Amino acid sequence: MLFSENFKIAIRALRANKLRSVLTMLGIVIGVATVVALLSIGKGATASITSSIQSNGSNLLTVSPGRQQTGPGANGSQQASYLYYSDYQLLQRSLLKDVAAIVPSYQSAYLVNYGDESFSVKVTGVTKDYQETNSYDVAAGRFISDGDNKSESRVAVLGSQTAQDLFGGLNPVGKTISVKGVKFEVVGVLASKGSSGFGSSDDAVFIPLETGYNKLFGSTATYNDKKIVNSISVSVSTTEAMDTVSAQIEFLIRRAHKLTSSDELDFNVLSQSDLLSTLTSVTQTLTVFLGAIAGISLLVGGIGIMNIMLVSVTERTKEIGLRKAVGATKNQILTQFLIETVTLSLVGGIIGILFGIGMAALVTLSGALTAVITADSILLAFTFALAIGVFFGLYPAFRAANLHPMEALRYE
Amino acid sequence: MIQTDNLTKIYQMGESEVRALDGASFTIEKGEMVAIMGPSGSGKSTLMSIIGCLDVPTSGSYVLDDVSVENMDETKLAETRGRKIGFVFQQFNLLARTSALENVMLPLTYAGFSGKERHDRAMKALERVGLSDRTDHAPSELSGGQQQRVAIARALVNEPAILLADEPTGALDSKTGVEIMELFQSLYSDHGQTVILVTHDSYVARHTNRIIKLSDGRIVSDEVNKNPIKAGTPRVEE
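If you read the sequences in order, they're chains Y and A. Quick note: the first sequence uses this note's numbering, first residue 1, plus one each step. Quick note: the second sequence uses this note's numbering, first residue 1, plus one each step.
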């Protein structure tokens with residue numbers, strides 16, 4: 001017997017109980033839609049994190065304070081650790097080979113005013129090379145210069161979002177803003193870098209680091225009378241030299257912090273690729289975790305299908321008996337019922353994929369992040385739905401196929 | 001056409017054995033019209049299911065159309081049913097929400113006929129039972145008699161060796177029952193169709209040319225009925 005005949009029989013049987021078929025499918029629809037939507041959102045998050053990190057330049061090493069959480073050694077007895085301005089000066093003095101630039105930075109959030117407009121913005125004290133190591137373009141005016149740092153001048157460069165917030169469409173260059181009451185002259189505006197996975201890098205104010213220490217940050221930027229920095233960025237000239245430079249930095253700061261060889265480091269040296277792989281593995285774990293939850297709902301949907309098919313086999317015992325009496329073989333009955341479940345789960349799967357794409361599109365529209373719908377995730381969801389149809393359809397189909405024709409005909 | 005020897009069927013009911021059929025031997029020739037008669041529990045349903053290849057005997061032999069049936073596997077049995085047996089049931093057993101034509105085409109579908117041949121053969125079968133004007137009607141749109149005609153057309157569509165009818169008039173009023181009996185008689189007399197009627201009703205049985213009586217799983221009489229009732233004559237009890 002032809003497949004199309006069996007398919008027709010299956011469709012007719014499903015249409016005979018429309019509401020029941022739709023409700024049965026719903027489990028698969030929801031499961032598949034969640035799988036597709038979650039995978040798309042996960043992919044989107046990964047992509048946005050990757051692009052934002054790559055926009056910072058790939059030959060960048062970031063030194064930041066804090067113990068590395070590695071293994072069981074990382075216990076609760078942690079104390080605050082700091083990176084000092086003196087560490088920066090040490091690196092600046094000692095590292096020459098293969099290093100293009102070293103940039104210390106200290107940042108803190110302040111209320112920034114212009115006229116009546118007032119926003120809480122991350123204010124970062126930097127040196128001239130920050131612009132290059134972090135791949136910023138200047139849209140108007142100029143960036144912080146060495147001269148600004150030497151003379152501790154009160155100048156500021158605004159991120160594009162901050163400029164938009166404070167000045168609307170006006171050109172901020174030459175205007176004076178106030179940060180925690182301290183007046184700064186805006187000398188430049190940066191071009192937009194676009195939003196990244198974690199906070200916009202366009203929502204920022206940059207000032208000369210020396211100015212910050214002496215006129216703005218105050219005592220919060222010192223520890224034991226030593227000036228502290230949040231991070232030191234080291235731009236390495238070639239990718240090949242990354243490991244060597246990283247090891248040198250570790251050696252130098254370890255010595256400066258008077259750590260013995262058995263002590264854990266109280267700072268981290270991370271490359272952009274380290275950061276990328278860490279964040280990517282986090283989002284991937286999350287995606288897999290959420291996908292597994294969605295998978296469970298698919299499983300529940302499958303059990304729903306099996307349940308309904310078992311009811312259907314019982315209800316149609318007489319019909320099965322008749323089909324057998326007029327010559328249907330075991331295999332033909334098996335195929336007929338299997339096609340019914342597979343049709344249910346496939347139609348449910350296709351509707352679910354459409355819903356999932358719709359949900360992903362809604363997330364994109366909401367602006368939280370750009371969901372990336374890949375053929376992989378659709379294929380995965382589709383295959384999963386199909387597998388569930390076959391898996392949960394087999395038992396009811398076997399039940400139907402194994403009915404004794406005479407007993408089935410007599411069934412009331 | 002049918003040769004059985006010492007057919008026995010034993011059902012296991014928990015601890016006890018039930019001998020539904022206890023050594024039935026008989027032969028039915030091609031073109032005969034036979035009634036298998038007996039009260040309920042006499043084993044006639046069991047006999048019918050074995051003759052109809054719905055079940056195999058526990059022991060004994062059954063040769064249908066020169067082919068031995070008793071050792072066939074399930075798939076072979078299904079194919080034999082589809083090709084050689086046409087069933088008519090008391091409750092018609094038509095598929096709901098399915099047109100008369102498609103109901104009649106069902107056995108052809110399983111036998112693997114092409115779409116056009118299925119259609120043509122089913123139309124012919126419906127013509128033979130006088131329903132060529134009702135082909136598109138679903139069972140719910142047909143009277144009981146018409147539904148049984150559709151069922152008979154379905155039984156005839158594969159040109160079976162045996163038309164096997166189980167209480168075919170049991171669910172019909174007497175007037176319609178008579179029409180159905182007329183149809184069986186004409187299939188027998190005009191087309192030489194082998195017909196086996198399974199019934200508990202001696203009036204129905206006496207429409208045939210030979211009556212096999214069963215009791216407690218055994219054949220108690222097997223007699224030629226010289227003057228079969230012509231369908232339509234008033235009912236007279238024995």
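Source of the hints: derived by calculation from the structure; they are not laboratory data. Any given hint could turn out to be false.
[To be verified] Taking lysine-lysine pairs in the DSS-like style, the calculated list, with each CA pair at most 27 angstroms apart, reads:
id: 1; chain 1: A; residue 1: 30; chain 2: Y; residue 2: 8
id: 2; chain 1: A; residue 1: 175; chain 2: A; residue 2: 116
id: 3; chain 1: A; residue 1: 116; chain 2: Y; residue 2: 330
id: 4; chain 1: Y; residue 1: 330; chain 2: A; residue 2: 175
id: 5; chain 1: Y; residue 1: 8; chain 2: A; residue 2: 116
Treat the numbers as computed from the prediction; the structure is a model and nothing was measured.
Hint check against the structure, violated hint numbers in rising order: 1, 2, 4
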